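Protein sequences appear in the order of chains A and B. Residue 219 in our numbering is what sits at position 43 of the first sequence, and the numbering runs on without skipping anything. Residue 276 in our numbering is what sits at position 100 of the second sequence, and the numbering runs on without skipping anything.
Honestly, the hints are just simulated from the structure, not real lab data. There's no promise every hint is true.
The list treats identical chains as interchangeable, and a pair is accepted whether it falls inside one copy or across any two copies.
[As the list claims (entries may be wrong)] Straight-line C-alpha distance at most 20 Å; calculated SDA-like pairs for lysine to any residue:
hint	residue 1	residue 2
1	K425	L231
2	K475	A362
3	K387	G224
4	K507	L542
5	K564	I552
Being a predicted model, the structure only gives us computed values, none of them experimental.
There are 2 protein chains.
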Amino acid sequence: MINIAVLGYGTVGSGVVEVINTNHKSINKRAGEEIRIKYVLDLRDFPGDPVQEILVHDYEIIINDPEVDIIVEVMGGIEPAHTFVKRALMAGKSVCTSNKALVAKYGPELMEIAREKDINFLFEASCGGGIPIIRALNSSLTADEIDEITGILNGTTNYMLYKMSTEGCGFETALKEAQEKGYAEADPTADVEGYDACRKIAILSSLAYGKFLNYEDIYTEGITKLTPEDMEYAKELGMTIKLLATSRKIGEDSFYAMVAPFLIGQDSPLYSVNDVFNGIFVHGNVLGDAMFYGSGAGKLPTASAVVADVVDEARHLHRNLMTNWNSRPLKLMELDEVKGRFFVRVKGTTVEDVEKVFGKVKVVNLKNLPGEFAFITESMKQGEYKEKAKMLNGSIKAMIRVKD
Amino acid sequence: MINIAVLGYGTVGSGVVEVINTNHKSINKRAGEEIRIKYVLDLRDFPGDPVQEILVHDYEIIINDPEVDIIVEVMGGIEPAHTFVKRALMAGKSVCTSNKALVAKYGPELMEIAREKDINFLFEASCGGGIPIIRALNSSLTADEIDEITGILNGTTNYMLYKMSTEGCGFETALKEAQEKGYAEADPTADVEGYDACRKIAILSSLAYGKFLNYEDIYTEGITKLTPEDMEYAKELGMTIKLLATSRKIGEDSFYAMVAPFLIGQDSPLYSVNDVFNGIFVHGNVLGDAMFYGSGAGKLPTASAVVADVVDEARHLHRNLMTNWNSRPLKLMELDEVKGRFFVRVKGTTVEDVEKVFGKVKVVNLKNLPGEFAFITESMKQGEYKEKAKMLNGSIKAMIRVKD
């Protein structure tokens, strides 16, 4: 029997309890032993809920119980999660977590303690909800040098962009719908400003490239400035707009990463990742293109990933599952040096004037937007784009990057 | 140092050697030890190729060398692969293989020997080429009860259907193009008749449901009867036609499986799996929908999966990685009992007559095909469909199942 404790009985925590209860037969078979939830930690009480019988309010009971083998941290936030997790690992208890903020900030420290203690710190649910991308990077794509990860990593904004694209509504309406459906929180900043996706791409990149990418180093732009007109232009081009979190290895020690809205074409497998779904595209030097698709959030998909970590830790109770991520910092190149194509909307200028500055461009017009047009540049460094943009003397209404 | 021997220096075998040479640094890091190819077995010689130095023609050299820890079987076919693999496992050497025919036929026997000897028999590359679906089923989706797997598992036929759909060409033209591009073999039977996909869905289903699904029990229908007109109807419906290999768990001990062309709609993530790519859709009772996408074949993607197995075996040299698959047979329900919708093309009859038999149907006409029309039935058992079809007195030109 393997005893676990669940820290936090919120959405994910109650999902973990539900998944373990629902699928206990197959989970125990796969773990090789019976998984038993010995404690649930929460400050609140849940009268009437069977969880009340195993509920404790004091972490000391859990950390001091030698029978507890695995601790599931699903409280979220940095504190007290960090203190609790660190103490658990120091005490020789494996930990799994869905907490992307914790992993993005303290991942290397916590993995290092787990390595020293020959136990495990796993975090499958921290990126892409139920999509098994972390385990794929750790133990499946091991023959490859990964040179690109590009993901739709935030379900809320993907839902909003999908609504804006299919229904022609604006940002505010899409946000309201997302909030009504429970996809967006009352304060949607972390989602719509790209901060959530930023932490996730930091974690995935650190695993893929084997160094620690600090999320604070990543250029991050949200979706708040996108308009229904941008979506119309995208459609006219046979493309769509997605919030992508992307990182690439350009050379032996040369990387870039960013979170921003991108125009993407139908030849990308990410093009059809709609609604609240997430998709994570990976390119390996021998594998080629691969994509992982699934529910990026939600109580049960996230809990499914957490419990898969529990099963893995139960199978490897005193045996560290190596990861490729160490604490050496991964340095990013200057964004101005990154090459790409740019979609630009302009007003009060002419194609002739634009081409004087940008050279040959691909022009697109919308019938219902007279007096303005848009164009897509050739590939150029971002710094070069900025210089040229200045020369158009304020006629630029919007710029969106194009995914190549 | 971990010594491996590669059996077969064909497409995949030479790919394995190339991948290990190209990415040796990161592979060794992930394996935790240096991986060294000590032998390559082939009946042929390869003068001028560096492999010649480690080439042997006699399997006895390999099996009798106690330094060989892992054997990579990439010869294909049943014999001598089966004998070689079985002897290797009996001798305590872990084996990985890309050989779907071997796994579909002898999987349970070989896994059982590996379990007894506390070594491993892995076969990531046998299904879906470079897509890490086997490891996902074995070690990621462990919190779930999988209740559906539906895959585009054959790149050759997917390429052909994509050509037929986008270029309007017929089966023969598409086949010729596939052969010219090296996607289809001179004898394309295994691909176009669905036999290849059938073995793959048998393996995936056995892993997902934990019992042995004999591929010979699976109803299998290829793509040879599909026409450009079928594709046109699909387009008119906003759908497309794919060769799907699918299995479902309907009740506690009730399963069905089949390989056949299906009409699928744009709401399915498999809809956009085009060209030679493969896609594998999985539904879990807590995970919900997930899809894995990538190169289903090709030298390097397949070799990438084989080498990932080598790394996993190197990490777990004398520790069996459990699988959920055992040798109890998985019994399928009668196909006539399986429910679904049917797309039917008819000539020489009327909507009125059709609806007398089938009840309300969805009708679709093509301008360029006067005198005929098509319809989609409500959901019904296949046996019921067959009975009703008889009543239309030979006016049915074609029937294709609809994916729900």
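Taking the hints in turn, this is what the structure says about them:
1. K425 / L231: Classified as neither: same-chain Cα gap 47 Å, cross-chain 36 Å, threshold 20 Å.
2. K475 / A362: within (18 Å within a copy, 50 Å between copies)
3. K387 / G224: neither (47 Å within a copy, 39 Å between copies)
4. K507 / L542: neither (41 Å within a copy, 58 Å between copies)
5. K564 / I552: within (13 Å within a copy, 56 Å between copies)
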